[in-house]
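Number of protein chains: 2
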Amino acid sequence: VQGLARWGGMRPISVQALKPSDRFEPRHNSITEAEKQHMARLCGFDSLDALVEATVPAAIKRTDGMPLGPKYHEGLTENEFLTMFKEMAGKNKVFKNYIGMGYYGTHVPTVILRNLLENPGWYTQYTPYQAEISQGRLESLLNFQTMVSDLTGMTMSNASLLDESTAAAEAMTMCSAVARGKKPRFLVSDKCHPQTIAVCQTRADGLGLKVEVMDEGSFSMDSDVCGILLQYPATDGSVHNYKDIAAKATAAKVKVVVATDLLALTKLTPPGEWGADIVIGSAQRFGVPLGYGGPHAAFLACHEEYKRLLPGRIIGVSRDAQGQPTLRMAMQTREQHIRRDKATSNICTAQALLANIAAMYAVYHGPEGLKQIATRVNGLAAILSEGAKKLGLTVGSAPFFDTVRITVGDSAAVVKLAASKGVNLRQLDSSTITVSVDETTTLADLDQLLAILNGGNAAGFTAEGLAPSVSGGTPGFERTSDFLTHPVFSSYHTEHELLRYLKRLENKDLSLCHSMIALGSCTMKLNATSEMIPITWPELSDIHPFAPMDQVEGYQEMFKDLAQQLATITGFDAVSLQPNSGASGEYAGLMAIRAYHQSRGDHHRNVCIIPVSAHGTNPASAVMAGMTIVPVGVDAKGNINIAELKQKAEQHKDKLAALMITYPSTHGVYEEGVDDICKSIHDNGGQVYMDGANMNAQVGLTAPGIIGADVCHLNLHKTFCIPHGGGGPGMGPIGIKAHLAPFMPTHPVVPTGAYPDFKGDKDSFGCMAAAPYGSSLILPISYAYISMMGSQALTNASKLAILNANYMAKRLEDHYPVLFRGANGTCAHEFIIDIRPITDSTGIEAEDIAKRLMDYGFHAPTMSWPVSGTLMIEPTESESKAELDRFCEAMISIRREVAEIEAGKADPKNNALKHAPHSADVVLASEWDRPYSRESAAYPAAWVKQSKFWPTNSRVDNVFGDRHLVLRLPKVAPDTGAASDE
Amino acid sequence: VQGLARWGGMRPISVQALKPSDRFEPRHNSITEAEKQHMARLCGFDSLDALVEATVPAAIKRTDGMPLGPKYHEGLTENEFLTMFKEMAGKNKVFKNYIGMGYYGTHVPTVILRNLLENPGWYTQYTPYQAEISQGRLESLLNFQTMVSDLTGMTMSNASLLDESTAAAEAMTMCSAVARGKKPRFLVSDKCHPQTIAVCQTRADGLGLKVEVMDEGSFSMDSDVCGILLQYPATDGSVHNYKDIAAKATAAKVKVVVATDLLALTKLTPPGEWGADIVIGSAQRFGVPLGYGGPHAAFLACHEEYKRLLPGRIIGVSRDAQGQPTLRMAMQTREQHIRRDKATSNICTAQALLANIAAMYAVYHGPEGLKQIATRVNGLAAILSEGAKKLGLTVGSAPFFDTVRITVGDSAAVVKLAASKGVNLRQLDSSTITVSVDETTTLADLDQLLAILNGGNAAGFTAEGLAPSVSGGTPGFERTSDFLTHPVFSSYHTEHELLRYLKRLENKDLSLCHSMIALGSCTMKLNATSEMIPITWPELSDIHPFAPMDQVEGYQEMFKDLAQQLATITGFDAVSLQPNSGASGEYAGLMAIRAYHQSRGDHHRNVCIIPVSAHGTNPASAVMAGMTIVPVGVDAKGNINIAELKQKAEQHKDKLAALMITYPSTHGVYEEGVDDICKSIHDNGGQVYMDGANMNAQVGLTAPGIIGADVCHLNLHKTFCIPHGGGGPGMGPIGIKAHLAPFMPTHPVVPTGAYPDFKGDKDSFGCMAAAPYGSSLILPISYAYISMMGSQALTNASKLAILNANYMAKRLEDHYPVLFRGANGTCAHEFIIDIRPITDSTGIEAEDIAKRLMDYGFHAPTMSWPVSGTLMIEPTESESKAELDRFCEAMISIRREVAEIEAGKADPKNNALKHAPHSADVVLASEWDRPYSRESAAYPAAWVKQSKFWPTNSRVDNVFGDRHLVLRLPKVAPDTGAASDE
Ligand SMILES: Cc1ncc(COP(=O)(O)O)c(C=O)c1O
Ligand SMILES: Cc1ncc(COP(=O)(O)O)c(C=O)c1O
Ligand SMILES: O=C([O-])O
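Residue numbers (my numbering), protein chains in the order written: chain A, 1 to 982; chain B, 983 to 1964.
Wrong hints could be hidden among the right ones.
[What the hints assert, rightly or not] Pair by pair, the computed Cβ-Cβ distance ranges are:
# : chain 1 : residue 1 : chain 2 : residue 2 : range
1 : A       : Glu87     : B       : Ala1924   : 32 to 42 Å
2 : B       : Gly1807   : A       : Gly460    : 55 to 65 Å
3 : A       : Gly626    : B       : Glu1007   : 49 to 59 Å
4 : A       : Lys637    : B       : Ala1924   : 54 to 64 Å
5 : A       : Pro26     : B       : Asp1464   : 17 to 27 Å
[Said to hold, decoys possible] Computed cross-link-like contacts, EDC-like style, restricted to lysine to aspartate or glutamate with a CA-CA straight-line distance of at most 20 Å:
#  : chain 1 : residue 1 : chain 2 : residue 2
6  : A       : Lys948    : B       : Glu1917
7  : A       : Lys96     : B       : Glu1069
8  : B       : Lys1930   : A       : Glu935
9  : B       : Lys1068   : A       : Glu87
10 : B       : Lys1078   : A       : Glu80
11 : B       : Lys1930   : A       : Asp921
12 : B       : Lys1073   : A       : Glu935
13 : A       : Lys945    : A       : Glu889
14 : A       : Lys86     : A       : Glu557
15 : A       : Lys19     : B       : Glu1446
16 : B       : Lys1078   : A       : Glu87
17 : B       : Lys1068   : A       : Asp542
The hints are simulated quantities; they were obtained by calculation from the structure and are not laboratory data. None of these values were measured; they are calculated from a predicted model. Every residue gets a Cβ at the ideal spot worked out from N, C-alpha and C, and that includes glycine.
The whole structure should be built from the sequences, with the hints applied where relevant.
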């Protein structure tokens, strides 16, 4: 071999170049160095730093570099994070769970796991406000409502609530509302789950209601009782006939709320058939992992007459401009963005993704499959009961569905023995345990359980051997009515059919997989795969929320680290992880403020000042915390009217409880004087609640704690990368100053409290969620994001979010007036463009532009909120310049279309904007009599052709749907075989 | 509480009802009991069993119930399988690997992992024969070709080969072909990987070539030398200047083949710039998991002049009927289905899915990102080398890229010490090791390596400390030419951009996620999620193929169990898992037959009888095994002409080596007399090779071993659920009778052989794949399928595959003549409909119908194979009756459209069939002058509207593309910034 080359002219190696190559920041923060400079210049600044400098008021600037601590400060690579966290998660112990209490083992069908839960095509969408490009998950949510209505025997259902306990509390609120607030007492059966009782008690406290817990046999239907709550089957597994109680209640105009279990209802007479007015529960065991407590989809079903009181999102059938059936969210006028403090509830983000999983589980198994599962579960329970009897133990009397109550003598010892075998049982009292079996339980598991009941020695007989001599069933309660009769529940039982159904629905929905979704206030940023991967690890997903502490060391370590990270980011001292939505965070924060005032004897402090520009959940939450709202206006520039605010604070100083303030403002502006505002509230004895929805503009640049807030919620599903899931899940932990920490939420089963202790506190305002740490399973998403970014990249993210917004505002300002800007002419991370001048001159409305954007392949920005007749655009830092430009070009192109109308060249009624969106059906119909071309309708820009996203329908008719309310699929008689609409 | 219900009237519990509810069979086998009966009746039989009875010849019927053994016989539930297999896989030990030898650690970008490798939208497609509905992966494969061409500095590349070693063998074959077979010698550098040398030697054996291995300095470019093989960088890490050798070879008309490494080529002058004629290698380290050896995408690049000799699939740019650029497979006339024994190679299924991953890895990192990774890897190697020197050890002289050669004294002891620390090193010889670092290596890893080199004690200095004093680089070899200049390699570097690019491409391709793909002979059945889940478990994916046996106990146990299952299913004694495609299986089987004959002194036995109806890979493989093909015809009913076959067997009895026979026949018929045929071959001294592509009709009903075959390959990617991946990966293990077992393939690094021993045998015919067990990582898919089905469900699958085919044949026979059927009028698992009568009467051809099916949302059946002018339909057992009916209705509707032409109501040239498929562009164009409506073009059936799948293009023009061959994206000069075609 000739000429082995010689060394020479080689470069020394920089340590920087030896860092691992899978750094996360450049995958998330999308603007290159070169682009950064160019964009800042375009905005009139020398550099990005100069732009940020001009944007964030000097008085509140953060200067400490946001030190996340040695482990996280630099940011881990994707691989480092996954390796480190796999080890941490491995400290959790996956036991067999028979604890029950509303949480049960379930087999997530793997086809659903992979193609729904692990699929960004399902998890990155927003709430389906834009119906024409959301028909997929709207269909799935209608399946969910149908499933719930059928199984509960009720007329209608909503499309999910946060959890079973808050659903009970929402039902209680409905009962009170039915009585127009005139009946303050609510009676609760002592056979309800303890967390349900606790949440109702806490919620009643804020609402001025009174919960009384007792044996339901002692219920007295007095005239000041608005409702009663029964649980069926009861928390100890017993199944009772509540028909007479319900009849008595009804006779006394007392509303009957029933907490129930969907799987049990495949066997038991549904509450709707024996007198329930409202039925609530959790759909968790329909294929949704335990996840140490959530997220899971709860449900609330009721009769038609309460429809306007129904909390949460509701999907209904309407029609489009062509008269085609079209699904959309119904009766939105009940919600907070319209009714504010008079809204039916503060629920905004709920649990759409999990409702979809549960619905698909029902679609996959069908009515017969579900019945088989239930029969099997019930059979296993019956065998266990019989086996326990055979071992000489006393068991709860039949009937039961899945939970056997066993008197064991020293129940603590039995629970301990079980734990030593990797088995979790529930200790009901000092001598009693319950054992809840579920879909995942096997005959071998029963043998193990029997051995445990036998003091650790094999029972001498087997469960299988016992089976033929045991009878199952729930006599006296047997369900006779059919359910899930619609063909959707009997068409997709093979994996190929379900896979295609899942993909068919997915492909109807525009998600972040297609294009940017610049929804102002929603922060639709990247939900990175490495953040999502851990949530389907069994070490995280298969943990019962009430598992003993020594089984959840991985979770607890992660909670500590995440809470520490969030405390550092927000500049607070303590963090509660219980609230599982932004609105829940608001409620928790206000309840803590309330408890704080009360602890100081300030029972009269109940005035909450809220700017009129606030998100509707703010007043709705304040009402739930027992506060009286005092609104404060904004000036012409959109800023809070400080003089008015100060004046109101003074005026109400004796009763002032709190201010709720969003920062940067809901108008997308870094308002000056916020420190001043906070001071004035404090001076008048109030506390400052900051709505953290806009945290994405703050991270590393300032912080609620620096600004002067006392408490702030974080929508982890905005700033911290939890995907929106088509309307949930989310998480709304709150950060607080030390003086509020003692009041943080706790839990009756697992004393919770706040970081850094995570111990329940006697001063806690109560319990506000079914699970001690809310939707624990999705916390790793935010934890991964923060850990992989590190201090600097997180700060860069906020800077780039601001840069991207200012860049777009700049590109659009010659075409659309930009409504509000800060002192130096910059916006924060989002901005509002005003459509009203166009409306005035042409009749084209914000909605027309929103719908026309669909033809360009884009989801509309936030429409007519916070200002009617506007669009609010929030790009986020994880959109590339190319994508921002594409969106701007679409908006500019639309403006040109408007100009055609202005110039009289296009018809003001019959044009591509008014007819938008254009479905394929419409543009290829033989008949085409419109004054614009088919091509301009469907391919309004060159790039659209490369990957056209087709809206399923043309413009939805919202009014029609609300006038002809249809909230479920039709029932189908067995002989017809087909539903009328299929 | 009133009225606790009493027990009474309850049913005893059947043990059957207590079985776990997640049984797999009903998710896979799709026909319900009720449908079964109905369908059998329609086919003229009382029951499914009667239909099967009439179909499978009595002489070969299986009667033993196919006992899979106690563990698997009943079939595990999905959950049971995953739990059991997780434990088994856990017996593998994931070590840090520095073994190199063509296999390197790599970070699979998680966005690619989840959205490509784990996404049925990418893995369930077939080879992109139908270009108009395959533009997504065609684009990705063109990216792959561009990447390979750019990095190697060659003009063109194919779209993947099976592995690096077989790619070298294919290159050798090309060299021989260039010399028109007149130069039998091929010189191989002894610095090539041992498995590459072994595969070339084995392959040469069959082809009558002679491989000579020596130091490349000793190459003598004699006139009988067709080519030389060099490796760059060499297997020991050294980088040599081969320019002069290449020049000498070229001067002597000897072709220069270079094996190389894509990552190294980002730093090193590419072979194309110093004289290579053919460049081969593996793209594994571009984001494809190690997977204990595969699947990985190999590549082969060459200069334009050899294009007609290029093996494997090649993607090229053409245009469609509207003149729009359209990608499609180029130069298909080179392939076996056209050229049979004269084809360029027997490669059919290759590694498309893995090529896509590698291409996306390059798209995600871009040229700068790849250079950074390479610079880092090279820097780490330089530091290691310097550190070793500092420890007083002798290291290989520079330059090197990633592999450091170190003289350590007792190399076995060092390797052992390393293993005790969880580290794998390569022992090069008794005193030398090599250490290959890669993308996953860190500075901390170097410290560990240095400690190992220091006898287990910390080195006293750190790698990081060393860095500044070390020089990296490869002076004298530095690459100056740019690469990956096309914008596709610099547009998708953020996760959002890549995610959207992945989804955009995915959505252009029709896959099993959309509808059934009834490709005859391809068995496009369900690839169930639970089968796919394990392949991305690190315990399986992060294992080096040459890891010591004590680290792969999980794999070995799975191999044993799977091989045992396959042996039982096929009725054979032994199984080799090395061949990684059907065609490779053919080659392996024939080579084993050849070795068997030779072992008996029958060196002259080289005649292989192959029916004319055989798949083209059969003759192509036989040629590679050194056999002479004697064809035998078929009779009018499509059956092998038994008389002729017997006559030919007799005639060639002295030279008879083998018969290759497909069963059921490629015509989809359970031919009678196959036992007779086998007997006649055996009587004349031959062996029977069975092509197992149609195994899906046999499982549980008969078996190759029962029928009389001596060897048979199994396309695991057909019958046993490995997804087709858009053209691979696949696996083609072979089952053999005991007398052939000693000849099974082995491996120079890991002695392999066949089940039940899995020990290499001295009588082995050699090595045929780079990895000892082929594409080990995907074997769990088949293992999962078999284990979850169990004996009975597998048998049911074959029965239902037969039922579905007969049902469809019945529904279609009044509309299209069904060509061949068995003795009792039934087909097997597929059937052929004849389009020629229609062509005669109307000019409408099979292709027109195939393209028109796209408008209905269906992929065409197999077109014009095995009989020209026909369509071959194979439904498989995992399609529901609803889906079969939908497909039949589409075909019947198309027949009606043909009838319009027959009736003179439609124009024979200007109609919806001839213009099919209809892209959205076409049907919505303002201009529409066709005699049929837009709606009938796009929505030819009602159901189409519900979820329209739009073909990207109208009819592709194949001829144009082959005349104007474009096999890569254009290079783009840095200043222009945009490619001409973008
Ligand atoms: C400013 C603001 N506050 C509060 C909320 C409520 O948060 P969540 O939907 O998580 O309940 C939102 C939600 O969009 C918001 O934008
Ligand atoms: C009958 C037959 N034999 C052999 C093969 C080749 O198998 P592979 O593509 O796995 O190499 C095929 C592939 O379709 C086939 O149908
Ligand atoms: O969902 C919102 O109301 O922002």
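Hints and how they fare:
Range check, A/Glu87 to B/Ala1924: Cβ separation about 55 Å, and the 32 to 42 Å hint is violated. Under the hint 55 to 65 Å, the C-beta atoms of B/Gly1807 and A/Gly460, about 60 Å apart, fit the expected range. The hint said 49 to 59 Å for the Cβ distance between A/Gly626 and B/Glu1007, and at roughly 57 Å that hint holds. At roughly 56 Å, the beta carbons of A/Lys637 and B/Ala1924 sit within the given window of 54 to 64 Å.
In this structure the hint that A/Pro26 and B/Asp1464 lie 17 to 27 Å apart at CB holds, the actual value being about 21 Å. Under the criterion of a C-alpha separation no larger than 20 Å, the hint pairing A/Lys948 with B/Glu1917 is consistent with the structure, at around 19 Å. For the suggested pair A/Lys96 and B/Glu1069, the alpha carbons sit about 17 Å apart, so the restraint of at most 20 Å is met. Restraint check for B/Lys1930 and A/Glu935: the C-alpha separation of about 19 Å stays at or below 20 Å, so the hint holds.
The hinted pair formed by B/Lys1068 and A/Glu87 meets the criterion: a straight-line CA distance of about 17 Å does not exceed 20 Å. This hinted pair checks out: B/Lys1078 and A/Glu80 have alpha carbons roughly 15 Å apart, not beyond 20 Å. Distance restraint check for B/Lys1930 and A/Asp921: the Cα-Cα separation of roughly 10 Å lies within the 20 Å cut-off, and the hinted pair is therefore satisfied. Only pairs whose Cα atoms come within 20 Å are accepted, and B/Lys1073 paired with A/Glu935 is rejected, the gap being roughly 60 Å.
The hinted pair formed by A/Lys945 and A/Glu889 meets the criterion: a straight-line CA distance of about 15 Å does not exceed 20 Å. For the hint pairing A/Lys86 with A/Glu557, the CA-to-CA distance comes to about 12 Å; that is within 20 Å, so the pair holds. At most 20 Å may separate the alpha-carbon atoms for a hinted pair to count; A/Lys19 and B/Glu1446 meet this at roughly 10 Å. Annotation: proposed proximity of B/Lys1078 to A/Glu87 holds, straight-line Cα distance about 17 Å (limit 20 Å).
A distance of roughly 15 Å separates the Cα atoms of B/Lys1068 and A/Asp542; the hinted pair therefore holds under the 20 Å criterion.
Violated hints for the displayed structure, listed by number in ascending order: 1 and 12.
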